[in-house]
Structure formats: C-alpha cells, structure tokens
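Student: The primary structure of each chain is shown beneath.
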Amino acid sequence: MVVKPSPFLKDSHPILKQLVADLSQKYSYVSILGTDVSGTSYSVRTTNISITDSSWNERGFVLRIFNGIQYYEYSFNQLNEENYEKMKTKIIFSMESLQQSVQKINRDMNRYSLLPEDPLIENWQGSVEKSLEDFTPDQIIQKLTVIKNKIHQVSPKVINAGASFQVVNVSKIFVSPQRNLSQTYTWSEGFIFSYVKDLDKVRIASRVFSGLKGFEIVDEMDCQTTNVVEEAISLLSADKIQPGEYDVICSPDVVGLIAHEAFGHGVEMDMFVKNRAKAQEYIEKPVASTLVEMHDGAKSANHVSSYWFDDEGTLASDTVVIEKGILKTGISDVLSSLFLNKTPTGNGKRESFERKAYTRMTNTFFSKGTDTLEAMICSIEYGYLLEQPQSGMEDPKNWGIQCIVSFGREIVKGKITGKLVAPIYLTGYVPDLLSAVSMVSTDFHLEGTGACGKGHKEFVKVSAGGPYIKTKARLS
Amino acid sequence: MLETLIRTLERQSHLSDWKIKEIRQTGDELFLIGKNVDMTRSKDVVNLEVTFYVDFEQEGKKFKGSSTIKINPGMTEAEIDKACKNGIYNSQFVKNVYYPIVDPLMIKPTKKTTAESHKAIPIDLIAKEIYSIDPRFISMLNSVEIFSILEMKTIINSKGLHVSNVKPKVYLEIITNAKGLTEEIELYDEFTFSSYAEGDVAKLIMKMAQNTAERARAIHTPNLGKFNLILAGTSVVNFLEYYLIKSSARAYYEKTSAFVPGDSVQGKEIQKDKISLWLEPSLAGSSYSCPFDNDGYPLQKLKIIDNSSLIRYWGDIRFSHYVESYPPTGSVANFFVEAGSHPETELKKEPYLEVVSFSDFQMDSITGDFGGEIRLGFYFNGLETAPVTKGSIVGNILEAQNSLVLSKETQSIKNYAGPNSLLLQNIMVAGI
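Protein chains in written order, with this note's numbering: chain D, -19 to 456; chain W, 89 to 520.
If you are wondering where the hints come from, they were derived from the structure by calculation, not from laboratory data.
There may be inaccurate statements among the hints.
For the chain D half of the interface with chain W, some residues (derived, Cβ under 7 Å), not all of them [claimed, not checked]:
no.	residue
1	I29
2	T32
3	Y54
4	S55
5	N57
6	V82
7	I85
8	D88
9	M89
10	N90
11	N378
12	I384
13	Y405
14	G435
15	H436
Please read all numbers here as calculations on a predicted model, not as lab measurements.
Note that beta-carbon positions come from the ideal geometry of N, C-alpha and C, so glycine has one too.
This is chain D alone, in the form it adopts within the complex (with noise of 0.2 Å):
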C-alpha cells in the first residue's frame, strides 16, 4: 500500500515556495525544509498500557539563507498567510542581530562559496503491506497484550514483560529556487522483553524488530517469545568473562554495532573539516582484512534510514567505505563538502527541522561473504560468540571503540558449550579490530531500532548489520 503524503505540507507548499523566492530577492542563496514526522506508539507492560505520538514526531520548517560569507539557519513551526510578513523580518531581524553577536566576539569567520543545484522537481512516495489505518487501536493494544501475555506464560520466573510498536510516517518537502522534491515513507520499530528474577537476582532479555514495514512487523514480534524468556533465565546463572583477547564470532546485529562505531562515526565528514577523523589520513590504505567490504548509504539498502534527498535537499546515495580492507572514502553533509571541495553524498541528517544538519549514518553494513555460520564455531578452539549489543561509542580521532553487548556463547574445540557470560566490554583499535577479520558468513541482517547520537546528542534514525564475522577481540 502507497504511503499517503502530508496534506500539510502540500497546503505549507505555496507559502514556503513564496518565502523563498522573497527572500531570494536579497540573498543568493535560499532554501527551506519542511518536514511533518507522524507515528503513534503503542506499548503493553504487565505493569502498563500507553498509547502515545511517537517521540519522533515532528511538524515545522528550516530555513538555510547564504549571507556572502557563511549560511545561516532558523527554525520554527509558525507560519501562515496572517503572520507571513511578521515572521519574515523577525527571520531577517534574528539573523542580522546574531550576526552583530558574533562580531562581538571578534573571531574570523570559515568562509563558504555558493551551493551549486541542479534543476530538480521530483515526488517519491514509499509503500507498506500492511497498513496501519487498516487497524484499529484495540486491534493493536490485544495483539500487544497476547504477545505479552504469551511471555508471561513461558516460565514463573517472568515478573515483568512486554511488547512495543511504533510505526512512523515520514514526509519531507525540499524547496529551493532550484529544486522542489518531496518524499513520503513509513518505517516502524518493535521491541519485547522479559523481566526474569531468581532470589535477588533480575536479569532482562529483548528483541527488537525495525524496517520500511507497516503492521507487519508484529507478527515478527510473535514469534519470538519464548526466545526472550530463555535467554533472561539463561542470564541468570551467567559468570563474568576473565578479562583478556579471545577469538570471537560477531552476531550481525554485533557486526552492525561494529561498523557502526567503527568506520561509521570515523567517516563522516565533517569531522573532516574539524580534523577529528583519524580516517582522512587513511583513504586509499588499508584499515582492515581484504574480506572487509562496508557500505554506507540512504540508497544502499532498503531499511528506516533509506530516503530519497537527505535534509538538505541532496540525492541519496550508496557509498563504498571500505572494498577489499582498502579505506576508499568518508560520507558527507553538503556544507562539509563544499568545505573539502568533495561530492556530497546525501547524508546530511537532522535530529528534527529544530536542529543543525551534520554529516550522519544511514544504513551502515559489513558485505555478506562465503562462510557458513558452523564452519565459523568449528575453526574456533576457545572464544566466544557475541550477541545482542546493547551500547557503543565511537573515537573517530584515535579509532578507539567500545561496544557492550549482552553475552557471549563460551564456544570450545569448535562447540557451544551452552555457557554464557554477560554483560561483555569489547575495546580496543578499530584497526587492530578489523584486520583480524578470518571468516565472512553468508547470513546478512540489518536493525534499526533505537536512535544514533553525534556526541551525546542529535539523534536520528539508522541501522546496521551485515553477516557474522569472525575475528579477535579484547573482552573484559
């Protein structure tokens, strides 16, 4: 079913194209975004119903203006026929008293050329097999309720569980004097756990589930129950790691965290231009095993990062980071190109039309390779294979990485013992990291669940994934 777009972004459409062609009169370059973020999410606890709008929900404008020498933004999400005039001086106001300022604080200004565009107008509308409309909300709460319920009935053990949904319409319009695009597309995200508890002890376990899907993906959620509540009571009993290198088998959703941290953070460009990326040191040398293929890219696979134009109005793309262990190139925000004089590669992402566009991930993966998953545990003597990530956190300067993942399977002479450890640290230098890759498996699965920060802050959807990979790791 054919994603409906924004009515109020086709009704905003004459306004916004008015503002710019005004303001366009004065300043060489304008464009403005408009985006209306709608979803509603669903969730069911023992403990807790709630049915709310998605925390990704968004409804406004940002407006980019070239001054001559930098561009300035504004946002806001107040604009009609009556306020037009008003709200176009008190954008023209803020900018030139902000300027005034800064020139208070007497630094030199990063100078940057004029935005080159090309002619575009272009309609992208995205689809789903099943949609929500077509349900009701005590559809959806009772079908969350058996999904937790069924939890529940797995084991005595369960104090606590439940199974949430979220599904988001994402609808975007691009007008500059140049060009006039706008995307519609839906992409949702579920989640289960349990709660389990034995004398003092409380361990929990979860799933999640994402994609460019509808309703659908409930279903995915159903099957999975007892599989969550196994896994808590496994926890349980689980021991501590003994700190040191191991051999160890990555989960895609592992890998995922992986690439992720590792060449994702390091290669967006405008760490470039700050000179915080190690990585601009490394293009066109090798950064890890020659089995090593990494993709980055809104057009690079079909997940809730994939899009049409990023937030400032460039095409997606699909960008090769790393071919054959070779780092080949970075990933790129337009203003940060045209620092660097490079191609933009549609990766300018904002957290919400509140805020900056910086250079982030889209869907970020290891490529898929030839070995099987249990000729992977065969070649292993004594390691780990490592599932369910839960934090990570990248160091693009230094390609420092750390990843916390829930457990490890202990695996020897080529077995899995049935003994876990949790939670496990993985750190250590990317570099070191990925050239240890050996094996490749042929398995390949992308998630995209939760949010990315820049920082701590400015959090926006992505996934990642890929195959299981087997290497050498530092687990403490």
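Starting from the structure of chain D, add chain W where the hints point.
Tutor: Frame of chain D; chain W shown alone:
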C-alpha cells in the same frame, strides 16, 4: 493557539480530564571550529502536547485510560477537534489501574508563573569567555558548539491547574586536542547550565585543556586485575544515580527494585561510607531545575535515603498512588548526595586507578553492572602517578558498594550535586 485548544478540549464528551504541556523555546546557536566561526542558527518554536484521561469502571474496579498527542501550531480548530477526538478514542483502549491527576484544591501549587530570568544568556558572552583563556590553551580548542535558549514551560489541566516556569538554558559541547606521544589525541565533554557567572566557563575549559594535555602524555593502562578504583567527574553521577532510580515508586511497582523503606540500600555489611540522598528540584545552575514536574505537581527538597536507609519511595502522582504508603513527591530530575567525610587525599593513600574520563561510562540500573573504556585515568603504583589511557574497568555495584568511600570535596554538574569522587575496592581493571 492555547485558548483554541482549551476551548476544544472543554467541549469534548467522553473525556474525564485533560492536561496540556506547552514548551516555547527561542534562542541562538553558535558553531566554532578552532578559532573560527563556522555557522550560526536561531530557533523560535512552540511544542504542545495534550494528554487525554478517560476514567471507567469494570467489575467494581476503577481504571484510567489515557493517550498523549502533539498539537502542531498552525492547526485549525477543526484539525484540533479531530485530533482530540482521535486521542480520546485511543484512550478508551488503555486500561491502567486508576490514579488521580494533579488537583490544585488538594495541593499547594507553585505560583502561577515563576522565572529564574526572562532573558537567554547572551551567546557572545559565553563565546568571549571561552576564547579569553590562556592563549596556550586556545590552540587546544578543536571545536565548540554553544546553544543558548530561553524556555517557557507551562502545564495546564482540567482541574484548574495552570503553572509556568521561564528559564534560560545553555548547552556547551567542547572538543580539545593535544599532540600525543605518537599522534594527536582529543577529549570530548559537554556542559549544561542555566545561570552564568563570569569565570565559570573559563574554569571548565581550563580543566578540560589540562586533562587533554595529560591524555597526550598518557601511557596504556596496565593490567591491574582487581584494584582500587576512583571514579571522578560525570561517572560519579551515573554511578550514584543507581540509588535514585532504585528508590523510585515506579521501579518498586514494576518489580525492578527490591529497595524497601527502612532497609539499607547498600546491603548489610557496609564497611565505609553510607549514602544520604536528597531530591533537589531547585539545584542552583541546573538546567533541569523546575518548581513543578510534567504533571504540574509542586516539587520540594526531600531526603529519600538517610545513612543508607531508604526513608521512602519517590515518584510522580501516578506511581506514588499505586504504591500508596507515601504521598507523591513529584518527579524530580535533580538529586543531591551528601559529601563523604574523607578528603580526596585520603582516598589516594593506597595504590589506585582514578578515571576522570570514559568513552561512555554505563551503569545498568537493573543488574548493577557498570563499566567503560578509559579515555583518561591516573594510575598510582604506590610510588608515582602516571596518566593512563585505553583498557577498561568492569564491576557490579552490589559487590562494590560495601567498600564505597565518598569524597569530602563536592561538585555540581548536570542534574547532580555531591561528592566529587568515590573510591571502590576490588574492581576489575583490564589493561593492554
């Protein structure tokens, strides 16, 4: 807009109660790279959120349904009406145990409007101070992002509650560089505050620059096995927040906390310091300070843990109602932990590893597991102290809290005031 929304809500049928949260933000943003200005931005936005409440009874038991939607500025009255009807329709499928909403007749609400200031902190004032530091350290500034806004938060509900708070908020992100032994290194930090006193920002930058210089000459963290660990700075907040989260009515109700009033929150065999923790809604300079919570419930300073003994649960009106034994405290974002009795020099008498910066310190409030990769630490082997980097620490608060020692020196960062550092024994330090 607000009047139209209230008018629309008042004429809805099948609605027991409603609540509006409005946040208006205006402000400027400045992005600097090295010594240069790279970009400027401004914002002027209004965000409105409405919660619908529908009370009902089934088999003699009272329930409350609710749903929350965002109302966008510029919506017509007809669009608002449609959105409200949709929200009310959704609410009837949410079946939660009954709880009341804030009623001004039952509580002493805060003044209708409170304000810490009616002006945003001038962005040029902050930027000027950053670049006023010793020129040797200015060259270490890689990039700076400054966000300075004025925020007005208003809560209105159908019981007649109407409270507003106006406050400035500043967010600073700072990256510093220094030439290291083999390569250039960086440190990252962020700061939030709501009041400005000359010299405060420069002090933050100078401390960061000094730490960056230390990281530049740092050696790899050795494998220390189980060792004395001192946490300093932000990780102290994350560590002690465990006790705040576990003391909440919500955690108790959802069975993720076993804390019981009257019992020790640190277990039975406390060998060193005992924790005393307060809710502090008006923490000076905190961006999170507010005289009321998101339900409009008035907030007060209140002791929750005294000498490791849980006095009471804290929580918003809903979860406090569920736990029953204690009246609500409201949901308070700031907390204060009383200082320990030992100066930091005493914490550092025996060999130790002090970590002042992690890649990302994590504390799991369910299991008590904590850890992180070391960006900058100081290792004292009993004879001399050296800056160290890389490697990681891993521990569990349930095993570590018996030996907890809190510093006498205090700090105030983000939503926290309390000990500057804390000492834990027998924490696994994995080096390189």
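Student: State for each hint whether it applies.
Tutor: We went through each hint and held it up to the structure:
1. I29: holds, 5 Å
2. T32: holds, 4 Å
3. Y54: holds, 5 Å
4. S55: holds, 4 Å
5. N57: holds, 5 Å
6. V82: Holds, because the Cβ-Cβ distance from D:V82 to chain W comes to roughly 6 Å (cut-off 7 Å).
7. I85: holds, 4 Å
8. D88: Since the shortest Cβ distance to chain W is 5 Å, the answer is holds.
9. M89: At about 5 Å, which falls below the 7 Å cut-off, the nearest Cβ of chain W leaves the hint on D:M89 intact, so it holds.
10. N90: holds, 5 Å
11. N378: Given a least distance of 6 Å, the restraint on D:N378 holds.
12. I384: holds, 6 Å
13. Y405: holds, 5 Å
14. G435: holds, 6 Å
15. H436: This hint holds: D:H436 lies near chain W, its Cβ roughly 6 Å from the closest one there, short of 7 Å.
Hint check: no violations occur; every hint is consistent with the structure.
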